[in-house]
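Undergrad: Make the full structure from the sequences, and use the hints.
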Amino acid sequence: MNKSLNEYYVDVLLPLALEGTFSYSVPTPLVERIAKGQRVEVIFGTSKLYGALVYKVHQNKPKYKKIKAILNIIDEKPIINEQQFTYWEWIASYYMCSLGLVMQAALPSHYLLSSDAYAFLQTDNDLLEEALSLEEEIIYRALRKDEFVKTHDLKKLLGKKSILGLLRAMTEKKWIRTSHHIQKTYKSKTQKFIRLHPSLDDDQLSNIYEIDLRRAAKQQEALLAIIEASESQKEIARTSLAHIKSNILKALEEKNIIVFIDRVVSRIETEEPTKKVNFSGVKIDPKQQKKIKNLLKKDAVQLLNDAELIPYLYAINKKYQPGEQTLILIPNIDFEHEALTIIQNEYANDFIFQNSKQGNDVRYEIWDKVQKDVRFIIGTRSSLFLPFKNLKHILLLQEHDPAYKQFDPSPRYHARDAAIILAHQLKAKICLFSNTPSFESLLNNHQKKYLSLQKAESNNLGNEIELIDLQKAAKQRALDGSFSKKLTKEIATALEQNAQVIIIKNRRGYAPVLICKNCDWKASCPNCDVKLTYHQFSKKFICHYCDYKARYIPTCKECQSTDLELKGFGTQKLEEELELIFPMAKIHRVDSDTASGRKRFQIIQEKFLAKKIDILVGTQLAAKMINASSLKLIAFVSGDQMINRPDFRSEEKAFQYIQSLLEKKGAQTKVLIQSWNPEQAFYHSIKGSDYYNFAFKRMRERQLFHYPPFVRMIHLTLKHKEKSIAERAAHLMVVFLKKKWGDRIQGPITPSIERMFGRYHVDVVIKHEKQRDKMEGIKKSIYEANLFLTKQSDLKSVRISINVDPQ
DNA sequence: AGCACGCCGACT
DNA sequence: GTCGGCGTGCTC
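Residues in the first sequence are numbered from 15 upward in steps of one, following my numbering.
Straight-line alpha carbon distances no greater than 25 Å define the calculated BS3-like cross-link-like pairs of lysine-lysine that follow:
(1) Lys333 <-> Lys312
(2) Lys784 <-> Lys753
(3) Lys638 <-> Lys587
(4) Lys678 <-> Lys646
(5) Lys406 <-> Lys333
(6) Lys311 <-> Lys462
(7) Lys80 <-> Lys62
(8) Lys462 <-> Lys441
(9) Lys701 <-> Lys711
(10) Lys587 <-> Lys545
(11) Lys810 <-> Lys754
(12) Lys248 <-> Lys206
(13) Lys626 <-> Lys613
(14) Lys248 <-> Lys232
(15) Lys406 <-> Lys304
I should point out that these hints are in silico values taken from the structure, not numbers from a laboratory.
TA: Written as C-alpha cells, this is what we have:
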C-alpha cells in the first residue's frame, strides 16, 4: 500500500478542556508511520506545542482556511487501542462530556504533553550598559544566571499577570529569544547496586582480604559481607548493605575490588511477601463453592454479599489461566479488606495498587505493567481506564458507596455503571459486592438483570442501637448543650472502666467561624454563599468550596466593629463542651482540620489505639477507629443531621453507613444515637428491621414518587456572575425542554448554596423513564437547548454543567 | 487552557 | 494621552 499518493489528514484530541477534534495535515514522510492511537506533536494557537492523540486518519480535506501540519510523531506504536476508544466514546456519550475530557481522565498525566515557553539570551553584549528598564534588568539578570528560563518563572519573578509584551519588545531589540519545548516528564528510578569486580577470582579475593586489607578492619568486614551476599545474587542493592558506611565502599571501589552500578528499578514492584496466606488455607463452604462455580458459567452481572468475596476469589483463582487479569475496584484509597490483604501477600509480585493520588512516574509504570502482564489490579475508579491486556474479571467492592461517582472534573461517571459497560465490552465477568446494596442494584437484581443475591447473614444488627430522645431530655431539663444526661452518663461509665469513646457529628462547618459580637455578622467567602472557617493548622480563614484564603479579617463588614471573636461550631464546639464536662479525660478531635492528609490521621489513629485518647470527637473520620478493642461507646450527637439532608438518597446512605459500622464494631461497643425525633420511620427501620426490608419499603416510595432507581435523572446547573442572567437562562432552558418533554422537566431550582466561585447557580432537574429512546431523545434536546442558549446574545457566557445519574 | 483583540478607567 | 484591567471569542 502506498499511502503517499494522496494527502492525509488526522483528527486529533488535544489535552485541553475543548469540545471536539481538530484536524491537521500529515507531511508525506510521516504518512507511512501514522496511526490512530498515537500521539503527535502539534502547534495549537499561536506557538504552544501539544501532544495530541490521533483519533482518526483520513483523506478528506477539512474545510478550514488554515490547516497546520503535524510536526512529529511521538509514539511509534499506538498507546490507546480500539477497545479503549470505544469505551471512551461510551463514557463521553452517556455522561455528556467531550472525548477530550475523557482522555484527560483516562491517561496518566505524563502522556498529556504541553509545551513550556523558554526565554534565552540572544546577545553577548553587557546589556547593563544600555538603558534597561527595571523589569528588563530583572529578566536580563535571570537569563544571565541560567541559560534557559521558563517564561512562566519570569512571570512569577516579576509578579505580573502577563509579560508577553515585555518579552516581545526585548525580542525585537534582539536581546533575547523565546522557544517552546515539550517536556517529557517521566524519569525512571535508579538504585545503586554493588558487585565484586568482574576480573577477580576467588583466590585473588582471599589474597586481597588477607593481605591488602590486613590493616583495614572495616574494609575487611565490608568485603566479607559483600562476598557473602554475592553467593545468592551477583548484584547487591546498596540499601541491603545499609550498615556499611559510604566511605568504606568508596575505598573498596578505588582499589578496584568492587564496582558500583546504577540500575533502573520499578517503583511499583513490591518486595517479597511479608507473610504467606494461602487461598488454600481459607476455609470455603462447599455449598458456596458450588454456587459460585455455577455463577461463573453465566454471563450476567452478579451481586453478592461480602462474605462471598473470598470464595469468589478462590473460585476464579482455581480456574486461572496464565495471562488473565483481575481488576478489583474499591471506593477509596484507604479501603481495607481481608481479601485485599490476602492478594497483597499471596501475589506480592503480581499485583498492582493504583489510585489517583499516585505520582506521574508511578502511574506511568503502572500503565506499562498492565499492558504487559500483571495478574491483580486493585484500584479506585480511574483504574477502569488502564490498558488491560487480558481482563477476565472485575470485582467491585462496597458496591453501594457513593464515592464511586466522580463529580468534578467531568466526566461525571459512576464507576459501578462504567465497570459494567467495560466488562461487557471486554467480555469479562463482573461481580458487585455489598451487604447493603444500592437501590439501583437491588432493583436490577429483582428484575433478574443481575443474578443471585443472597442476603448477608448477620443482618439484624439494628437492635444493638439505642436511641436517645432529645425532645424528652430537653423537657426533663436533662440536656447539657449538645449532650443529653443519658449520653454523658454513658460516657462517664465508659471512662470509669478505662474504656474509650467516640463521639460523631456530621457537620460540614466543623472549624470555628469569625463572628461579630456587635451585630452577629459572620465572615463569609467573597466568591461563595458560605461562611469562612478558621483553620488552626494553617492559621487562615478558608472557603471549602472555592479554596479562598484570608490571613485575617480586621473588621465586621456590616457595622465596621472590630470586636470580633472566633466561635466554634460542629466538632470543635463539641470538644469544648466535653472538656468542661470531663476535665480529666484526654480528649482529641479528628476532622479534616486536625487530620488533613493521611499521615496526620495515622498519628491520631495510633494514639487512639495506644489508648492515649479517652474521647475522640469528630466527623465520620473518627468512626474509622470503630474496631478498636477497648472502644466501649460510639455516639452520634445528632442523628437527624445524617438523614435529613436535602437528598432523596440520604436515608439509604445513612442506613448503609450505620450498618457498616455495626458490622465492624466489636461486641463490647455500644451504639447511641441522639435525635430530636426518634419516632421517625427511619429509626424504626434501622432498629427493627434488616436492610432488605428497609430497602424494599423505601423503594416502593421511590416508585410512587418517581425517583431513581425507577426513573433516570439528569441535573443541569447553569452558572453566571449575574443572578438574573443565570435565572433567565435556566428559565429559557426549562421552557425549551418542556415543549417536548413536559413534566419530566423541573425547575428552575435555586440550590442551597446559591453562589460558588463567584457565580450564581440555578438548577434544572430532568427525570425520565428508563428507556433508551427517551434517554437519547432528552440528551439530544439538551444539546439543542444548549445551542439555543448560546445564540441569545446576553446568555453567551452562561456555563452549563451536566450531571447524568447524580448521586 | 492560553492568547489576541477590543473596550473601559487611572495614571506617568 | 497611554497602560493595563478584564470580557469575549477562537484555536485545526
